[in-house]
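So the sequence lines, in the order shown, correspond to chains A and V.
Note that the first sequence covers residues 372 to 655 in this note's numbering.
Note that the second sequence covers residues 969 to 1303 in this note's numbering.
Any given hint could turn out to be false.
Unchecked claim - Once the Cα atoms are required to be at most 20 angstroms apart in a straight line, the calculated EDC-like pairs of lysine to aspartate or glutamate come out as:
| hint | chain 1 | residue 1 | chain 2 | residue 2 |
| --- | --- | --- | --- | --- |
| 1 | A | Lys652 | V | Asp1033 |
| 2 | V | Lys1110 | A | Asp474 |
| 3 | A | Lys397 | A | Glu408 |
Unchecked claim - Label-pair distances were calculated between CB atoms; the ranges are:
| hint | chain 1 | residue 1 | chain 2 | residue 2 | range |
| --- | --- | --- | --- | --- | --- |
| 4 | V | Glu992 | A | Asn557 | 21 to 29 angstroms |
| 5 | A | Leu628 | V | Asp1033 | 45 to 53 angstroms |
| 6 | A | Gln423 | V | Glu1093 | 34 to 42 angstroms |
| 7 | A | Arg391 | V | Arg1201 | 48 to 56 angstroms |
| 8 | A | Glu384 | V | Gly998 | 35 to 43 angstroms |
| 9 | V | Arg1098 | A | Ala503 | 14 to 22 angstroms |
| 10 | V | Glu992 | A | Gln423 | 41 to 49 angstroms |
Simulated from the structure, these hints should not be mistaken for laboratory data.
Glycine included, every Cβ here is placed at the ideal spot set by N, Cα and C.
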Amino acid sequence: MTTISSYERSTLEKERRLSRALWAAKDTLVLIRRGLERIIREPQQLLDVTVQPVIFVLLFTYVFGSAIRLPGGGNYHAYLVGGMFGMAMAGTAPGTAVGISTDMGSGVIDRFRSLPISRSVVLAGRTITDLATQVLGVGALMVTGLAVGWGMHKGAADALAAIGLALLIAFAMTWAGACAGMLLKNAEAAQALGFIVFLPLSFVSNAFVPTQGMPGWLRDFANWNPLSAVAASCRQLFGNPNPAVTVQAWPMQHPELATLLWSAGLIAVFAPTAVYLFRRKVLG
Amino acid sequence: MSDIRRTKDRLAIEALGLEKSYGETRALAGLDLAVAAGSVFALLGPNGAGKTTAVRALTTLLRPDRGRARVAGYDVVAEAPEVRRRIGLTGQTAALDECLTGRANLVMVGRLNHQPARQARRRAEELLERFDLTEAADRGVKTYSGGMRRRLDLAAGLVGRPEVLFLDEPTTGLDPRSRLVMWEVVRTLVADGTTVLLTTQYLDEADQLADRVAVVDHGRAVAEGTPAELKARFGTESVELTVAGSSELSEAVAVLGRYAAGEPGTDTAGRKVAASVQDAPRRLPGIIADLASAGIALDGLEVRRASLDDVFLALTGHGPSTEATASSLKELAFP
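For reference, chain A alone in the conformation it holds in the complex (with noise of 0.2 angstroms):
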């Protein structure tokens, strides 16, 4: 027999992570397109990323709009766009949440582990199905902005700049979600953690209001809140009014580097995190 060197034992470990790697690659397309394959089988998924963020445009420009007066000035309609844009995305979490605890709690979880692929696959799979449904919610929030009034008025790098923050914290939401779906006992849990988080965090925000007017302590969560930056982020890079420019957090006055860091943030604590507990959950 012959010995294998140091050299080439660690050539080998290596060309074996590296054929693992793309395993687990081809394994989250296969993972994905499964995803893809439900919601063309079951289109009504879809609603919560199409049609909530359109009903939620028509009534705060028409309904809530009509009362509001930006500080500085500018148009409610043309503000409300970018901060649907920090709201839709930030609500691919409770999605998520639902979606894998209906998948943990049925049989379907069972057939993937006894299967050879690596556990983090069907996270990932998950995850990235949700941030592809997001850009058609991008598509549909767009479409009812241009209707309402609102515009893009800098250059396309700057509008794709700003999609693509968008579609950035989207990612980091729905790792935050997979946690949440993998604590949660089933789909109700995970729906009602919608409510009872994400739509405070939601108005908590410059999403739908300046913060200007809010009392003091709330006023800096809002500023600070992940929601508030994209929201910034988007107005900035669209050209639409931005009142947030005159507020003093750091966030607010860095809005697109905070978006940046709140997404890597998040990624970097509910990414291992999900993985962590899923595979905790599975191996019983």
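Once you have looked at the hints, place chain V on chain A.
Same frame as chain A, but now just chain V:
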């Protein structure tokens, strides 16, 4: 030639002292198993005996607290991915995506078994045909009946052509026809060299299908052997006579009593005498000769072979399950 022998004797499943507790409950309390490659092995036990936990441990779905197990030659904990590549699992609840079609489910499982797309589609087609699901292939699994779901689930377990197939109560809740289909499938698989481990509460299922049976109770295998061995060791056979005239009843009791393990039971209205008799088939000529010399005319004579029910009762002190017990009680009018 020695090579062939070795493959034949190779163990497909090997478990040593598997333990698993959930709080106070010991689901597995030191389970030992040895299953030869290419055989059908049945874990027979009542609800809560630890059968499902054993299957979950062997299929890498849960980590045992103590003990070791190898499946297809690989350790279920340290080499779980290798094990997963070689096994198929069909559990009690259908492990399927309800939202997708039957075909999409099978293709997905094939792809996740790392089959190329075309091969996965072909394999799905094959299995749909084999399990009589071609017509329903493009319908959502949601719309399937219980039997169809079970068949699709079994098909999903076979997509990767597993070396070792685990079937956790494969026929519980199935109609008799689907049950026979399932048995046929198991037999075909084994003929092709697959090892099958199945759990069941039905004694006749273990009797029909399994080369070897382990009776599981309270998380341990309390007995193991071929169905015939178990019956010979723990079961008793009984002889039942129907005499021509009720006046001969007491004399028949006396004759049969000489051979019986205990006091014979009588059914006066039915003119029947019955008793458990060890090794009944061989002692039957003697019984008949004695009856003839005593001048007793018979209307009927029956030897009831030992059933696994007897084995079960002898080993665990309770019946296998209410359902199975009820069905065996029907045959067992007396004693």
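Evaluated hints:
1. With a C-alpha separation of about 15 angstroms, the suggested pair Lys652 (chain A) and Asp1033 (chain V) falls inside the 20 angstroms cut-off, and the hint holds.
2. Distance restraint check for Lys1110 (chain V) and Asp474 (chain A): the Cα-Cα separation of roughly 15 angstroms lies within the 20 angstroms cut-off, and the hinted pair is therefore satisfied.
3. Only pairs whose Cα atoms come within 20 angstroms are accepted, and Lys397 (chain A) paired with Glu408 (chain A) is accepted, the gap being roughly 17 angstroms.
4. Separated by about 26 angstroms at the C-beta atoms, Glu992 (chain V) and Asn557 (chain A) satisfy the suggested range of 21 to 29 angstroms.
5. Against the hinted window of 45 to 53 angstroms, the Cβ-Cβ separation of Leu628 (chain A) and Asp1033 (chain V) comes to about 49 angstroms, which satisfies the hint.
6. Taking the beta carbon of each, Gln423 (chain A) and Glu1093 (chain V) are about 40 angstroms apart, inside 34 to 42 angstroms as hinted.
7. The beta-carbon spacing between Arg391 (chain A) and Arg1201 (chain V), approximately 49 angstroms, falls within the hinted interval of 48 to 56 angstroms.
8. Separated by about 37 angstroms at the C-beta atoms, Glu384 (chain A) and Gly998 (chain V) satisfy the suggested range of 35 to 43 angstroms.
9. The hint said 14 to 22 angstroms for the Cβ distance between Arg1098 (chain V) and Ala503 (chain A), and at roughly 35 angstroms that hint is violated.
10. A hinted range of 41 to 49 angstroms for the beta carbons of Glu992 (chain V) and Gln423 (chain A) is consistent with their spacing of about 47 angstroms.
Hint check: a violation occurs at hint 9 only; the rest are consistent with the structure.
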